[in-house]
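Peer 1: In case you want the letters, here they are:
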Amino acid sequence: MDLELFLMQLFSGLALGAILVMVALGLTIIFGMLGIVNFAHGALFMVGAYAGLWVASLTGSFWWALLIAPIAVGAFGMLVERVLIRPLYKRTPDDPLLLTFGLGYVLVEAVRITFGTDGIPFSAPESLQGVVDLGIGYFPLYRLFVLGVVAVILVLLWVALEKTRFGLVVRAGARDPLIMRVLGVDVSRLWLLVFGLGVGLTALGGVLAAPMRNVSPEMGTLVLAEAFVVTVIGGMGSLLGAVVAGLLVGVAVSMTALFAPEMATIVMFGLMALILLVRPQGLFGRPGVGA
Amino acid sequence: MSSTSHAAPAALRPPQAVGEAGFLSRWRVPLSIAVLCVLPWVLPSQALAVNVLIYGLFAVGYNLLFGYTGLLSFGHAAFFGGGAYITGMAIAHFGLGWFPAMLVGVAGSSVLAAVIGALSIRTRGIYFCMVTLALSQLVYYTALQASNWTGGENGLRGFTVAKADVLGFTVNLLDPMQKYYFLMVFAALALWFVSRVLNSPFGAAIEAVRENETRARACGYDVERTKLLSFILSGALCGVAGTMSAIHLSIVPLDALHYHTSSIVVMMTMLGGAGSFFGPFVGALVFLLIEDVASLWTSHWQLIVGVVFILFVLFLPKGIWGTLIAWRNRP
Amino acid sequence: MTDRKDGLTFSVSRRTLLAGMGAGIGVLAMPAIVRAQAETVRIGFPTPLTGPFGAEAKDQVRSAELAVKLINDKGGIAGRQVELLVRDDKLNAGEAATRTLELIEKDKVHAVVGALSSAVQLAVNEVTRARNMLYVSISQSDTINEVKDFSRYTFHEALNPHMTTAAVAKATFKKGSKVAFLVADYAYGHEMLRGFKRAAAAIGAEVVGEILHPFGAPDYSTLMPRIRSMKPDILAICNFGRDQANAIKQANDFGLKKQMQIVVPVLLHNQRIAVAPDVFEGVVGGANYYWELENSVPTAKAFNDAFRKMYGGAIPTDYGAYGFTGVTALLLGMQKAGGTDTDKVIAALQELKYDVAKGPQYFRKCDHQAVQSVLVLRSKAKADMKGADDLFEIVANDPGSEDMLRSCAELGFPT
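Residue numbers (this note's numbering), protein chains in the order written: chain A, 1 to 291; chain B, 1001 to 1331; chain C, 2001 to 2415.
Source of the hints: derived by calculation from the structure; they are not laboratory data. Among these hints, one or two may not hold up.
Claimed, not checked - Sample of chain C residues lacking proximity to chain B, with all beta carbon distances greater than 12 Å (derived):
{"id": "1", "residue": "S2118"}
{"id": "2", "residue": "A2130"}
{"id": "3", "residue": "I2211"}
Said to hold, decoys possible - No farther apart than 30 Å at their CA atoms in a straight line, the calculated lysine-lysine pairs in the BS3-like style are these:
{"id": "4", "chain 1": "C", "residue 1": "K2353", "chain 2": "C", "residue 2": "K2074"}
{"id": "5", "chain 1": "C", "residue 1": "K2108", "chain 2": "C", "residue 2": "K2175"}
{"id": "6", "chain 1": "C", "residue 1": "K2178", "chain 2": "C", "residue 2": "K2148"}
{"id": "7", "chain 1": "B", "residue 1": "K1163", "chain 2": "C", "residue 2": "K2074"}
{"id": "8", "chain 1": "C", "residue 1": "K2344", "chain 2": "B", "residue 2": "K1163"}
{"id": "9", "chain 1": "C", "residue 1": "K2170", "chain 2": "C", "residue 2": "K2309"}
{"id": "10", "chain 1": "C", "residue 1": "K2108", "chain 2": "C", "residue 2": "K2197"}
{"id": "11", "chain 1": "B", "residue 1": "K1163", "chain 2": "C", "residue 2": "K2148"}
As the list claims (entries may be wrong) - Sample of chain B residues with no beta-carbon within 12 Å of chain A, all distances over it, derived:
{"id": "12", "residue": "V1042"}
{"id": "13", "residue": "L1096"}
{"id": "14", "residue": "F1099"}
{"id": "15", "residue": "Q1178"}
{"id": "16", "residue": "V1185"}
{"id": "17", "residue": "E1207"}
{"id": "18", "residue": "H1260"}
{"id": "19", "residue": "V1293"}
{"id": "20", "residue": "F1309"}
{"id": "21", "residue": "I1310"}
{"id": "22", "residue": "R1328"}
Quick caveat: nothing in here was measured; it's all calculated off a predicted structure. Using N, Cα and C, we set each Cβ at its ideal position, and we do this for glycine too.
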């Protein structure tokens, strides 16, 4: 095997990994802060793609879709938190999980009713079409753009969570909501915002993925699986973990593609099972979380 | 235990048990058998009745772990599908008779449950849920790849059991009524077995583990062993349901192993009422009836199922039967 | 949009619910031989109304209902009216088996037509075979032809991968062409690969590589560098539905289409609409039916016109047409047999020569495979489309012949 192909394979793996990170972000943030496993994650991702499609068809611009759709779906997420999730905070962590599972069913079917069972075409904007010569091979410009967006989002998130007062409060709230309440912080509003943020990021992932994968009501099913794998390997709730795990899985899949590409899915789930057994809290998870 | 990342610091255990009491509890096995006897006469079709039998038992097996032991698994399709596949393969590839094949199927799913159980009970809460999901997906992909044995995506075929000789009688399994009552015998035996388990000291042990693991440990229960045994019994019962499904459909679809099947049994158990004896059966019945009737007049039956499920999680977390029982047991 | 709430299914549901209450008694009482004379002929029709192929399924139902209407308008089967019982198989083999059992045991159908996926088809085949029930299958698969799954009660109306790959290869491969394969790793994918490779060997094309991918994979980016490094003239993508759409879309993104011709065993009308025209532009693939056949085949014109009349100007699509040809073939067989007697209908179908939508067809004796024409289509550029339905140009229309099929001996039938 020549070096060029190997390097190209490595690069595709990292690029795929970045997409996986994007896909998993919303799931990991909501779990990390609220302790809720959002089974509607895949469905919300799909709703994001459809929302993007809808905005793009109204405004004729991909860029508006990229901006408006995540905000709109994030707002919808806040509504969900207020109406459906909030009554369950006092119950077991299983209950929000089960509820979001049912919500996933409803969202998929609602999209089928509104937009049809078939997929809908969605292309990258003209300015982002075409391929770029990387020296080791060709790569789609759009995927490079997604890499850039993911990097920007990660930096923004890191700054917001680590360098601002908001981040401080959120992290503290995640660690001990009771103390926060005693300190007079409105924890309930915090959760509302975090849930909205998580859902908005999920939707952004959907809009970004739409020009790469076909937009269809079922597109979220696989996304849910991918996001779980990344989140669990990285450690549920860990931002750094999601990044490392996403890249790791991307490269693993890409290297598998060199000799046994049909095993890619097994490799993903195998890796997840292995990590769970050896280090249940994941690579960067805090032990005890979610237990 | 730590609850650091949780919104709710307290109440991390499943909903309080809503077991039947008095008459319903003492006569639960004969009562269930009586109800089962009537089912094929009142349901829209016998095929649906057989499915209620199968999924009802599947949910009962699942409930042993979820409702009684308090462990939320998202991987029970592995045992249901495993039982079905092993029975089917035993007939199709090794020419076994229907009864030995069913035994092998149940034994196989028990072994599978022992392996997956031993690996997963080391984790807790959400992680337990994820490990069971991941391991069962591995079983799914293994079956997909091993297509020479399992038929892969096309599903397993070629093991139709048309007749079964039982104690000198010949049962015609192509006749829906005969098939129903034939399979009902297995469901009845399984229900009797579950009832015995729940009445035994082991039944008390699993409920103690569910209510408070630390206290159960302090009281001298071997928590790990109790959980594992409960997992295996639960897997074995789901395996029985799986073998019944193989005999019923005369095929094993690959979907039997998919996590969608796992999630269906979770929904059924929740719907009927986790932690009660009849609940899972009621859940399976209602779920299948909604699906069967709704899908005749709309292709959007999933919307109905989803909304109903959400409403139950929000307002009736004890499920249909659990709520009735709670209402009857009210002081 | 989705409007399957045709009055039919609802009225069926109420009636069958009532029937269900009493059904049990009937079954125990007597083998139901004694029935009223003018009893309707009931055809069960399982199809995946729910799920990713909902649009195809809906087209199948519409075509099948048209077939029933046309026969009923001409007096039905020996004076008996025909009724279609549509059921949602949810693209799930277990669900399909249950629905088929219901159709046979409760609704007492005289025959079953349908199934879109290979797994569902084989499940229905297994259930109908054990119960001596007529079944016309309309899903593309090679497995159904083989002796292991053969049922003398089953007739296979759809094309199979062997036929479509041979036709596509004939139209695109040349002696010395370098061909690479991207294959979904499951039975149907491997069947397509086998068909292509066999055709390639016969034509003298060179196979430069094959890459398997997991069934249902959403991302193919990591496979693209390897495909490019194989430097093929032709890339044959052997998968179906969403997998096909994703694979072609991403091959396009990676600029592969500029370097190689992409071919697929089957092009689907509805899937092409679901993806932008520029993605599919130039892709060549096989099909059983395309509406433009009406310019060269008179029965296609008649079928299209009847369809347009019944459904407000809509045109029938590929998988939809299977619903029409499948149901019509069965009903013609019943007409010839003068009723629904299973053995007589089998004999009639074995002798039947029919031309109802796409030129002459008949069922081969040994495996009951429909011998029929195979179309090869090329997806049009957006600029060349004259209307929303003008998706493809017909590259070839190979007339049906048994030479297109694997021989009876190869399938394991005694000769």
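Peer 1: So, for every hint listed, does it hold in this structure?
Peer 2: Taking the hints in turn, this is what the structure says about them:
Taking the minimum C-beta to C-beta distance to chain B, about 6 Å, the non-interface status of S2118/C is violated against the 12 Å cut. The non-interface label for A2130/C is inconsistent with chain B: the shortest C-beta to C-beta separation is roughly 5 Å, within 12 Å. For I2211/C, the condition that its CB be more than 12 Å from all CB atoms of chain B holds, with the nearest at approximately 16 Å. Taking the CA atoms of K2353/C and K2074/C, the gap is near 19 Å; set against the 30 Å cutoff, the hint holds.
For a cut-off of 30 Å, the pair hint linking K2108/C to K2175/C is broken: about 54 Å separates their Cα positions. Taken as a hint, the K2178/C and K2148/C pair is broken in the structure, with Cα atoms around 35 Å apart against an allowance of 30 Å. About 43 Å separates the Cα atoms of K1163/B and K2074/C, which puts this hinted pair outside 30 Å; it is violated. For the proposed pair K2344/C and K1163/B, the alpha carbon gap of about 27 Å is at most 30 Å, so the pair holds.
With a CA separation close to 36 Å, the supplied pair K2170/C and K2309/C exceeds the 30 Å bound. With a C-alpha separation of about 44 Å, the suggested pair K2108/C and K2197/C falls outside the 30 Å cut-off, and the hint is violated. Restraint check for K1163/B and K2148/C: the C-alpha separation of about 21 Å stays at or below 30 Å, so the hint holds. Against the 12 Å criterion, V1042/B stays outside the reach of chain A, whose nearest CB is about 28 Å from its own CB.
Interface exclusion of L1096/B from chain A stands, the closest Cβ pair being 29 Å apart, more than 12 Å. With a least CB separation of 34 Å from chain A, F1099/B remains clear of the 12 Å interface cut-off, as annotated. Every CB of chain A is more than 12 Å from the CB of Q1178/B (nearest about 36 Å), matching its label as outside the interface. Every CB of chain A lies more than 12 Å from the CB of V1185/B, the least distance being 33 Å, so the non-interface label holds.
Annotated as non-interface, E1207/B keeps its C-beta farther than 12 Å from every C-beta of chain A; the closest such distance is 16 Å. The claim that H1260/B lies off the interface is violated: its Cβ sits roughly 9 Å from the closest Cβ of chain A, which falls inside the 12 Å cut-off. Under the 12 Å C-beta cut-off, the non-interface status given to V1293/B relative to chain A holds; the minimum distance is some 17 Å. The claim that F1309/B lies off the interface is violated: its Cβ sits roughly 4 Å from the closest Cβ of chain A, which falls inside the 12 Å cut-off.
For I1310/B, the condition that its CB be more than 12 Å from all CB atoms of chain A is violated, with the nearest at approximately 4 Å. With a least CB separation of 23 Å from chain A, R1328/B remains clear of the 12 Å interface cut-off, as annotated.
In this structure, the earlier hints numbered 1, 2, 5, 6, 7, 9, 10, 18, 20, 21 are contradicted, and the remaining ones agree with it.
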